[in-house]
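So the protein sequences, as listed, match chains A and B. For the first sequence, position 208 matches number 208 in this note's numbering, and the numbering has no gaps at all. Heads up, this note's numbering is the position in the second sequence plus 1000, with the first residue counted as 1.
Do not rely on the hints blindly, as some may be mistaken.
Said to hold, decoys possible - Capping the alpha-carbon separation at 35 Å, the derived lysine-lysine pairs in DSBU-like fashion look like this:
(1) Lys170(A) to Lys1199(B)
(2) Lys1578(B) to Lys1541(B)
(3) Lys1393(B) to Lys242(A)
(4) Lys1151(B) to Lys1003(B)
(5) Lys170(A) to Lys1200(B)
Bear in mind the hints are in silico, worked out from the structure with no lab data behind them.
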Amino acid sequence: MKIIVCIKQVPDTNEVEIDPVTNTLIRTGIPVIINPDDKSGIEAALDLRDKVPGSTVTVVSMGPPQAEMALREALSMGCDDAILISGRQFGGSDTLATSTIISAALKKIGYDLIITGRQAIDGDTAQVGPQIAEHLGIPQVSYVEEITPEDGALIVMRQYEDRYHKIRVKLPCLLTAIQDLAQPRYMTVGGIVDTEQKDIQILDFDALSDFLDPSAIGLKGSPTNVVRSYTKEPKSQGAILKGLTPDEAVDAIMARLHEVHLI
Amino acid sequence: MSKDIFVFVEQRDAKLQSVGYELIGEAASLAQDLNQQVVAVLIGDKVGHHAEELIAYGADKVLVVDDPILGEYMTEPYAKAMTAVIKEKEPEIVLFGATSIGRDLAPRVSARIKTGLTADCTALRIDPETKLLMMTRPAFGGNLMAVIWCKTHRPQMATVRPGVMQPMERDESRKGAIEHVNVAFSESDKTVEILEVVKKTRTAADITQAKCLVSGGRAMGGKEAFGMLRELADLLGGDVSASRAAVDSGWLNKERQVGQTGKTVRPDLYLACGISGAIQHVAGMENSGTIIAINKNDTAPIFGVADLGIVGDLTLILPKLRDAIKKAREKGVNYTAPSSEQYVGMENILYHVQNDIAYLTINRPRQMNALNRKTLQEISSVADKLKNDDSIKVLIVRGAGGRAFVAGADISEMQNMNEAEGREISLMAQEVFVKIKELPQIVIAAINGFTLGGGNELAMACDIRIASSRAKFGQPEVNLGLIPGFTGTQRLSRLVGSGTAKQIIFTTDMLSAEEALRIGLVDAVVPPEGLMRTSRDLALKIMSKSIKAIKLAKKSINEGMPLEFSQGLLVENDCWTKCFAEDGDGYEGMSAFVEKRKADFSKAPKRV
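With the hints as extra help, turn the sequences into a complete structure.
This is how it looks when you write it as C-alpha cells:
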C-alpha cells in the first residue's frame, strides 16, 4: 500500500503574541512546528505500514523552501521519502488553489491512501483535505480517530459531535486525522542520521505543468482573498458586583448567560 | 444571474440542529441588504415535515431533497444533493454550519462547483458598495481576525460557527414556499459503507472541547461540592474542570486541570467558582468567551479577567443558580439583571458602569430593541439617576444584539391608541429624550445597526453619534400614517436642515451610515468591529480634559442654539464666566499652561 501523508509547517499558535502597543501580531521569532493533526497522521501511517507488509509512507508538504525542515522531521520519525511542492507560482493560493496544486502532485506521485490532518492550527479551515479528495474523485472520511486495515479497504472510526460512524472505505481514499488518532513517536537518533542521507524531491510548477491549469493556482487562481485583517479588541475589565443578595447574584448571572445565548 | 441566500439545514436522526435556525436568522439580515430571499435547503430521509418550521423561523422558501440514502450522513450523497440544488438554482450565497458535517460537506461541494469557501466565520455582512459578502473569521488560534471576500466566483460560500448568529423569533404566520427537488441517487453514490452508528455517551474527559466549563477551586471546600458543579455543567451542556489547588487536593482528576501545568481551554463560557485566579490558572483560561467568577474575596485576581464578577457566598448562590437555570430551561424565562450600586438592570435595558464610563444598553434584541412604554420609563429612570451623579462623566448609549440600535417604537403597543393616549405617549417620549439631551454628562450614541423612527430620535438626543458602517437610518413614520413624534420633526430639521429633514421624512428612504455622515446626522463612521472601541476611546479622551469646561461648553451650545444669536452670546458669556469661578477649572488649566506642566483637574482647584 502506497501511503501519502500531507503535512503543513505552521507557526506554533500557542506562542503567538500580540504587541501590546501596536495591537498587532508579532510575526517574528515564532517557532514553527509540524501541524499537530498532521503529525498524528504520520504516526497512523507508520503504524499502518507495520501492519500491512510491503507498504511505504511518503510525506508531502507544500510551502516555501524552509518547509524542508518539517519534512526532515517526518523522515526522522521513519517516513520512507519526502516531497516538497514549492514554487513562486503557488504563492498566495487559497484552499481551493492549494488543493488543486497538491492533487496535481498526488496524481504525479501515485497513491493508495492519502492521510491529511483535519485542520491546520494557523488557518483552522479543515478544507484542503476534502477538496483534494474531490479533485482526485476518491472518497473521503474526515475526523478519523481509528484505522484498521482490511484487504483492499480500511475500517475507520469517524467522529461527530454526538456519535461515531464505523465505516468501511475502499482504497484509494483520503482520510483526515484528528489528534486522537495516534500519539506521534519521537525522532530517533538513527532516524535523524539516516535522514541526512536522504534527498527531498522538489516538485515545482514545471514538474506539475502537465496536471495544472495556471489560471487555477496562486493568488490569481484563488476565488477567495483576504480584504484585511485585525487583532481582536483587548479584553477590558468587566463588572464586579458586591453586596448582592444570593437571589440578586443569581439574576445577574442569569442575565449574562441569557446575553451570551446559553439559556 | 445568481440570486438568493441558501442555507444548508443540518439534521441528525431527522431532528433539526439549532445552527440551521441561526443561519436562517443571519441570512434574513443579509437578504434584506441584498433585497433577495432566504432559501433553506433541507436534506435527509423523511424530513419534509420540518419545512413549515423553517418558514416559521424566517425562510422564504424551503427546498427539500428527501431520499432513504440521505438518512445517516455520508459525504457523497449529500454532496451530490447540494451540488444539484446549487447548479439548478444558482444561489448568490450558500451558508453551512461549521459543524463536523458542514466542514466535511462544504469543501467537497466547493471543489466540485469550483468556487471559494471561507471556513468557520463569526461575522457576515454585505458590503454596501460592492454588494459582496464580507466574511470575518478568526485565524492563528483566534489571535487574528481576517475579513475575506469571494469576488468573481459564485456562489459565495461560508461555513459559520454554531452559536454565533441569532435565530429570529418563531412566527407561525410567516408564509413561504416549499419545493421538492428530485435528485437521482444510485448504489454507486455509497462510496463508503457505514457498518455501525455508535451514539456517544460521556467518554473520557476532554475539557478542551467543552463549550462550557464549570470550574472549581480551593474555596469549593471539598470533593462533595463538585457534585453541584457537575449538575450545573450538565444543565448548561458543559463539563467540569478545576484549578490546580482542587486537583492537588484530590477532588478531581488531573485530566480536568486548567492552567499552565494543566490544559489550556477556550470554552464559550467559563464559570469560575471559588477560584482565586493565580497567574498560572489564568494563563489556561483567559481566552474563554465569557468568564463569570464567583468568589468571597473581592481582591481575588480572577476578577481581573472576569466579564462578570460576583463577590459572594458560593454555597448560597450555586443551588439557587441551578434552580434558576432549570426553570429557564423548562419555561424559557427571560432574565434581566438586578439592581445594585454598579449594575442596574431592568426589564428592557441594562445599565452598568465600567472604568468610570456608564453604558445604557437597550436590551430587547429579539424586537430589534423597539421602544415601548416600559423601555422609555426605564431610560427615564436612568436619566434621573444620572442627573445627580457627579461621578459619571460620560454615558454611552447602545443597542443589544448586533442588528439594531433601536429599530423604532413598538408599533403593536400603539396600534389601538386613541387620541388622548397618542398625545400622552408622544409627550412622555419627548420628555425622556429632552432629559437625555439635558444630562450634565456627555452622551455618546454607539450605533450598530438599524436606527429608525424613535431610534433615530433617541440617537439625536445624544451629544455625539458614532455609527458602524453597517448602520442604517430613517424616519419611516409616514408609512404608518404617523409623523415623527418623539422630537423627530424638530431635532432632525435643526440637525440636517429642513429640506433634508423633509426629504427623509416624506420619502422614508433609509440612509446608509456614509450618507448619514455626509448630511451631518452622525459624526463618525467606523468599521463594525471598531464601534465600541472608538466610542470608548472618545469617552476616555473627553474624560481626560476639564470635564467642568466640557459640561459648560455643552450647556452653552445646547441652550444657545435655539436662541437668537445675541441672546446665545449671553448664554456663552455666562458659561465662560463660570470657568473663572472659585470652583472652575480655568485657574488650574491656565496655570499649568504657563508653568509648562500637565493640568490636573481631578484635584479641587486652589487659588494662591
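Checked hints:
no.	hint	in the structure
1	Lys170(A) to Lys1199(B)	24 Å, holds
2	Lys1578(B) to Lys1541(B)	23 Å, holds
3	Lys1393(B) to Lys242(A)	22 Å, holds
4	Lys1151(B) to Lys1003(B)	15 Å, holds
5	Lys170(A) to Lys1200(B)	26 Å, holds
The structure fails none of the hints (numbered hints given earlier).
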